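A.B. asks: Chain A: place on chain U using the hints.
Each chain is listed here by its residues.
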Amino acid sequence: MDLSPILISMKTASAAILTTFCIGLLAANWVVKMKSEKAKMIIDGILTLPLVLPPTVMGFFLLLIFGVKRPLGKFLLDFFSVKIVFSWTATVIAAVVISFPLMYRSARGAFEQVDQNFIMAGRTLGMSERRIFWTVTMPLALPGIASGGVLSFARGLGEFGATAMIAGNIQNVTRTLPLAIYAEVAAGNMDRAMKYVIIVLAISFVVIVLMNYFTFKGQKYLSKGKSDEFKG
Amino acid sequence: MSLKVEIKKSFKGFHLDVSFETNNEHLGLLGASGSGKSMTLKCIAGVETPDEGSIVLNGRVLFDSGKKINLKPQDRNIGFLFQNYALFPNMTVEENIAAGLRLSRNEKKPIIEDMIKSFHLKGLECKYPNQLSGGQQQRVALARSIAYNPDVLLLDEPFSALDSHLKTQVQAEMVEFLRLYDKEVLMVTHSIDEAYKFCKNLVVIDEGKSVLFGNTREIFKEPKLISVAKLIGCGNISKCSLKSGNRIYASDWDIELTPDGKVSDAKYVGIRSNSFIINNSKDEANIIECEIAEIIEKVYGYTIIFYSKNSSSGTHMYFDVEKDVWENREDKTNLFLKVREDSILLLN
Numbered sequence: 001m002d003l004s005p006i007l008i009s010m011k012t013a014s015a016a017i018l019t020t021f022c023i024g025l026l027a028a029n030w031v032v033k034m035k036s037e038k039a040k041m042i043i044d045g046i047l048t049l050p051l052v053l054p055p056t057v058m059g060f061f062l063l064l065i066f067g068v069k070r071p072l073g074k075f076l077l078d079f080f081s082v083k084i085v086f087s088w089t090a091t092v093i094a095a096v097v098i099s100f101p102l103m104y105r106s107a108r109g110a111f112e113q114v115d116q117n118f119i120m121a122g123r124t125l126g127m128s129e130r131r132i133f134w135t136v137t138m139p140l141a142l143p144g145i146a147s148g149g150v151l152s153f154a155r156g157l158g159e160f161g162a163t164a165m166i167a168g169n170i171q172n173v174t175r176t177l178p179l180a181i182y183a184e185v186a187a188g189n190m191d192r193a194m195k196y197v198i199i200v201l202a203i204s205f206v207v208i209v210l211m212n213y214f215t216f217k218g219q220k221y222l223s224k225g226k227s228d229e230f231k232g
Numbered sequence: 001m002s003l004k005v006e007i008k009k010s011f012k013g014f015h016l017d018v019s020f021e022t023n024n025e026h027l028g029l030l031g032a033s034g035s036g037k038s039m040t041l042k043c044i045a046g047v048e049t050p051d052e053g054s055i056v057l058n059g060r061v062l063f064d065s066g067k068k069i070n071l072k073p074q075d076r077n078i079g080f081l082f083q084n085y086a087l088f089p090n091m092t093v094e095e096n097i098a099a100g101l102r103l104s105r106n107e108k109k110p111i112i113e114d115m116i117k118s119f120h121l122k123g124l125e126c127k128y129p130n131q132l133s134g135g136q137q138q139r140v141a142l143a144r145s146i147a148y149n150p151d152v153l154l155l156d157e158p159f160s161a162l163d164s165h166l167k168t169q170v171q172a173e174m175v176e177f178l179r180l181y182d183k184e185v186l187m188v189t190h191s192i193d194e195a196y197k198f199c200k201n202l203v204v205i206d207e208g209k210s211v212l213f214g215n216t217r218e219i220f221k222e223p224k225l226i227s228v229a230k231l232i233g234c235g236n237i238s239k240c241s242l243k244s245g246n247r248i249y250a251s252d253w254d255i256e257l258t259p260d261g262k263v264s265d266a267k268y269v270g271i272r273s274n275s276f277i278i279n280n281s282k283d284e285a286n287i288i289e290c291e292i293a294e295i296i297e298k299v300y301g302y303t304i305i306f307y308s309k310n311s312s313s314g315t316h317m318y319f320d321v322e323k324d325v326w327e328n329r330e331d332k333t334n335l336f337l338k339v340r341e342d343s344i345l346l347l348n
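Here the protein sequences line up with chains U and A, keeping their order. For what it's worth, this note's numbering labels the leading residue of the first sequence as 1, then goes sequentially. For what it's worth, this note's numbering labels the leading residue of the second sequence as 1, then goes sequentially.
This is chain U alone, in the form it adopts within the complex (with noise of 0.2 Å):
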């Protein structure tokens, strides 16, 4: 078996979760702070469009911005030597961008549910807002972002009409497992397509179960615990 495409794939995922993870989280943010509700409910829309889009539109853009003849493929070309379309690069780029309306989404719900009152307090408390975001909002916030990053990883780990269009399908260089399954099913290899398909289903369950108990952790001051000393 060419155990390629399952490291191409776990390599892609990691890469696109780090930057899913960090933009989705900026992003949710800024919107969330947005005083006009209606640049809010646009720029989320456009946030949010390569959730609804198929893929294939979301590739075809994609080659539109990247390919070697449109201006930035050919400026990084000419002046970096870097080409983006069909290498390993462009798996990460798709799985990035499609990935990515999952963890803004899920973060800036996440955001917007944690009680404004505890803001408030901070602030009164003469807390800076820095200090807020990242002692009060972030771990009020956890389990919503945590959940957001598990189904970015997983959607990110399926990417397939995306990677197709900009990544193409070349073995050991932009094969992902999703297209290693497609391959091995068009060339009429059930069996091999089995052995991909098992792997994908192991490595998708057992990220989320880690993932459902470190919230799971995190979240243990939620728990309603009972006081021993229940004196008013």
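Keep in mind that the hints were calculated from the coordinates and are not lab data. Computed from a prediction, not measured in an experiment: that's the story for all the values here. Errors might be hidden in some of the hints.
If you anchor each label on the Cβ, the simulated ranges turn out as follows [as the list claims (entries may be wrong)]:
1. Ser19/A with Gln116/U: 24 to 32 Å
2. Thr48/U with Ser19/A: 14 to 22 Å
3. Asn29/U with Glu113/A: 34 to 42 Å
4. Asp193/A with Met41/U: 26 to 34 Å
5. Ser19/A with Met41/U: 34 to 42 Å
6. Leu180/A with Thr48/U: 35 to 43 Å
In silico lysine to any residue, SDA-like type, Cα no more than 25 Å apart, as pairs [to be verified]:
7. Lys127/A with Phe133/U
8. Lys35/U with Glu52/A
9. Lys72/A with Glu112/U
10. Lys33/U with Lys72/A
11. Lys33/U with Phe11/A
12. Lys72/A with Gln116/U
13. Lys183/A with Arg123/U
14. Lys127/A with Gln113/U
15. Lys8/A with Glu37/U
16. Lys35/U with Gln74/A
17. Lys197/A with Thr22/A
Going by beta-carbon spacing under 10 Å, a handful of chain U positions derived as facing chain A [said to hold, decoys possible]:
18. Gln116
19. Phe118
20. Leu125
21. Glu129
22. Leu142
23. Lys195
Glycine included, each C-beta is placed from N, C-alpha and C at the ideal position.
C.D. replies: Frame of chain U, contents of chain A only:
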């Protein structure tokens, strides 16, 4: 110690227009829910911004729309006890108390220990807020909001989050705390009980406007305005017209009353439902011959709903009577109620 507030703020069909001044007394803001009292408190703390006006604390301008001054809440040095306490659920009791201290670890330690001791929180230092009872939570919140020595302490409905069986004890603790606390305290409440217990002076807020300011006991004795009378629980209010001989005619009830003192220009008359006295005859001033409409049994008494026998409109009045007084009466059909002269409230 002084606090001067004069603010206006408009939002979704509501207009807030509050002004008052206080000098080192425990001041209460009394108003029905939704009357804008919490918003006023939040404007003083700086977590909400008024449209115009000014807030001055000990000569320090916190907000002035004219001079474009609007200090951040972080820079106002105001203690705020939130309605649900807003203790950070991810922090222990100790960490919550330390949250407002901008000092080094070593400088924080004695302050936290001092707070733990004076608010009887020994043994709870490492507990999380949801492991505490309502009363303990309030003590932690109180400790947290005075640990950094604020210039004024704002209390937003401090007892509304407590079960009734905890309320009495926590209120007793609060009375003791406030007696020893020598800073300005501003308390928002919709409960006349709490206002009476805790506040020397009151600002009454009605539909976003501060309508009356004065000594709490005097306001309860003489509410002066119909809105205030309703707020402090005056059960019977009627339109009235002036008659000769210092008498007034309460048109809703169709009865004549002779109040204590001058009648002046009152438009309404109010009688508290507990200020009637059962009388044996009707041949005195201020007696109502009653037609009983309904008797409602309560925990500690009865409410008698009645109207004046000679009334054509039959507008109901309410009479609160203690349980044993009513149960020991033999004649339950004929009832003459006397209104004490000094409990006839003349209102505008």
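A.B. asks: Each hint should be assessed against the structure and marked as holding or not.
C.D. replies: Hint check results:
Remark: the range hint 24 to 32 Å for Ser19/A to Gln116/U is upheld by a beta-carbon distance near 27 Å. Distance hint for Thr48/U and Ser19/A: a CB-CB separation of about 46 Å, inconsistent with the stated range 14 to 22 Å. Checked against the hint of 34 to 42 Å, the C-beta distance between Asn29/U and Glu113/A comes to roughly 36 Å, which is consistent with it. For Asp193/A paired with Met41/U, a C-beta distance near 46 Å fails the hint of 26 to 34 Å.
Separated by about 38 Å at the C-beta atoms, Ser19/A and Met41/U satisfy the suggested range of 34 to 42 Å. Between Leu180/A and Thr48/U the C-beta distance comes to about 55 Å, which lies outside the given range of 35 to 43 Å. With a C-alpha separation of about 22 Å, the suggested pairing of Lys127/A with Phe133/U holds against the 25 Å cut-off. The suggested pairing of Lys35/U with Glu52/A holds, with an alpha-carbon distance near 20 Å, which does not exceed 25 Å.
Straight-line distance between C-alpha atoms of Lys72/A and Glu112/U comes to about 22 Å, which keeps the hinted pair within the 25 Å bound. In summary, the hint linking Lys33/U to Lys72/A is supported, as the alpha carbons are separated by about 17 Å, within the 25 Å threshold. For a cut-off of 25 Å, the pair hint linking Lys33/U to Phe11/A stands: about 20 Å separates their Cα positions. Taking the CA atoms of Lys72/A and Gln116/U, the gap is about 16 Å. The hint holds against a cut of 25 Å.
Among the hinted pairs, Lys183/A with Arg123/U is consistent with the structure: their alpha-carbon atoms are about 20 Å apart, no more than 25 Å. Of the supplied pair hints, the one linking Lys127/A and Gln113/U holds, its CA atoms being roughly 24 Å apart against a limit of 25 Å. At roughly 24 Å between alpha-carbon atoms, Lys8/A and Glu37/U fall within 25 Å of each other, so this suggested pair holds. Restraint check for Lys35/U and Gln74/A: the C-alpha separation of about 21 Å stays at or below 25 Å, so the hint holds.
Of the pairs offered as hints, the one joining Lys197/A and Thr22/A holds, with about 18 Å between alpha carbons and a cut-off of 25 Å not exceeded. Hint status for Gln116/U: holds, given a least beta-carbon distance of 9 Å to chain A, under 10 Å. Below 10 Å, beta-carbon pairs count as interface contacts, and Phe118/U has one with chain A at about 6 Å; its hint therefore holds. Residue-level restraint check for Leu125/U holds (minimum Cβ-Cβ distance to chain A is 3 Å; threshold 10 Å).
The closest approach between the C-beta of Glu129/U and any C-beta of chain A is roughly 8 Å, which is under the 10 Å cut-off, so the hint is satisfied. The criterion of a C-beta within 10 Å of any C-beta in chain A is met by Leu142/U, whose closest approach is roughly 9 Å, and the hint holds. The interface hint given for Lys195/U is violated, since its Cβ lies 44 Å from the closest Cβ of chain A, which is over the 10 Å cut-off.
In terms of the numbered hints stated before, the structure departs from hints 2, 4, 6 and 23, listed from lowest to highest.
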